[in-house]
Amino acid sequence: MFKPNFRYTNKMVRLLTRISSAKEVILNSPLIPMWEISLRKQSIICSAHSSTSIEGNKLSLEQVSDLAQGRKIMATRKDKQEVLNYLNALENIADLSKGNSFNPDDILYIHRLVTRGTLDNPADCGAYRTRYVVVANRLTGEITFRPPENKEVPGLTKILINWLNSSEAQELDPIMEAGIAHYEFVRIHPFIDGNGRTARVLAALILYKRGFDSKQFFCLDDYYDSDRPAYYAALRKVNQNTGDLTEWLEYFIEGVMASIESVKQRILKLSGERLRKSKQGQIALTERQMRIVEFINQNNRITNRDVRTMFKISDRAALKEIRKLVDLTVIKPEGKGRSLCYVLA
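Under this note's numbering, the sequence shown has 210 at position 222, and the numbering climbs by one with no breaks.
For the record, the hints were derived by calculation from the structure and aren't laboratory data.
All values derive from a computational prediction rather than experimental measurement.
Be aware that a few hints might be false.
Calculated cross-link-like contacts (lysine-lysine; reagent style DSSO-like; alpha-carbon spacing at most 30 Å) [stated by the list, open to error]:
#1 Lys(-1) - Lys225
#2 Lys324 - Lys308
#3 Lys146 - Lys86
#4 Lys29 - Lys(-9)
#5 Lys29 - Lys324
#6 Lys225 - Lys29
#7 Lys29 - Lys11
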């Protein structure tokens, strides 16, 4: 039986408490209901960009967004396929999460999703490695990690799955469970390629299945991509003799905190104090209306011309968007004639 070795530190407890508080703010925001689809879409695009970028994919966030919307981009076939695969995996999290338990086939299926059409040997897609691999520094060639032998991989993966299905794992905070599974999966290194992406989808699946991120609002991979050396350094800090995960888990929880805080700050910026405390409860705003509110937060005011330019719509259509927000008492007019603009109510 897998027995993760770690200790709770004051830093962990403090971060987990802050995460819980921030999550409540996000889920209780008056702007969430009609904006859930947009938040989820942005999170999935961000995750697909960051997770593939960590492993060398060259697509920009804008290109990933274009791909997600079915637009054509100029890039290598492999780079595009890696991103499309990751988008597909995250879009199908709900299907992956059916039932409360995990099984080894889930791991193989995730790997098949993220590597389809990208490996030199198609037979390696969704199959445990049959030849030995090492993890090396791409620039120097220095070997940084030696994973277990091929013959050990199926057994070690099954042991990890059994732990995920145990009461011990399910009694942990989902963030702790996801962090432990993320590291152990990377340590086992079950596949020829795509281990990091599979590990990150597995962590997202755990958070989804355990109810922590059932709406898929949070882009956890962006934190790792923003400082890749720190991500790999945190993985290497685990002592191979003792298996002490404490420092890695502190880093992992910091990543979750950064993601949660980013979403929280955007929500607060968009909603404002008046909306958060509104007696009307949750206010349903469309994505366009949210962008108008965000523009005002950044510029203190907005005009009809700003709205026309922002959405490339007619003067009449822009006025219609503005009037909806005025009717909701989210914004109010200020000035007259050519000086007419709109500010937060």
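Status of the hints after comparison with the structure:
no.: 1; hint: Lys(-1) - Lys225; in the structure: holds (17 Å)
no.: 2; hint: Lys324 - Lys308; in the structure: holds (18 Å)
no.: 3; hint: Lys146 - Lys86; in the structure: holds (19 Å)
no.: 4; hint: Lys29 - Lys(-9); in the structure: violated (36 Å)
no.: 5; hint: Lys29 - Lys324; in the structure: violated (39 Å)
no.: 6; hint: Lys225 - Lys29; in the structure: violated (34 Å)
no.: 7; hint: Lys29 - Lys11; in the structure: holds (18 Å)
The structure is inconsistent with the numbered hints 4, 5, 6, although it conforms to all the rest.
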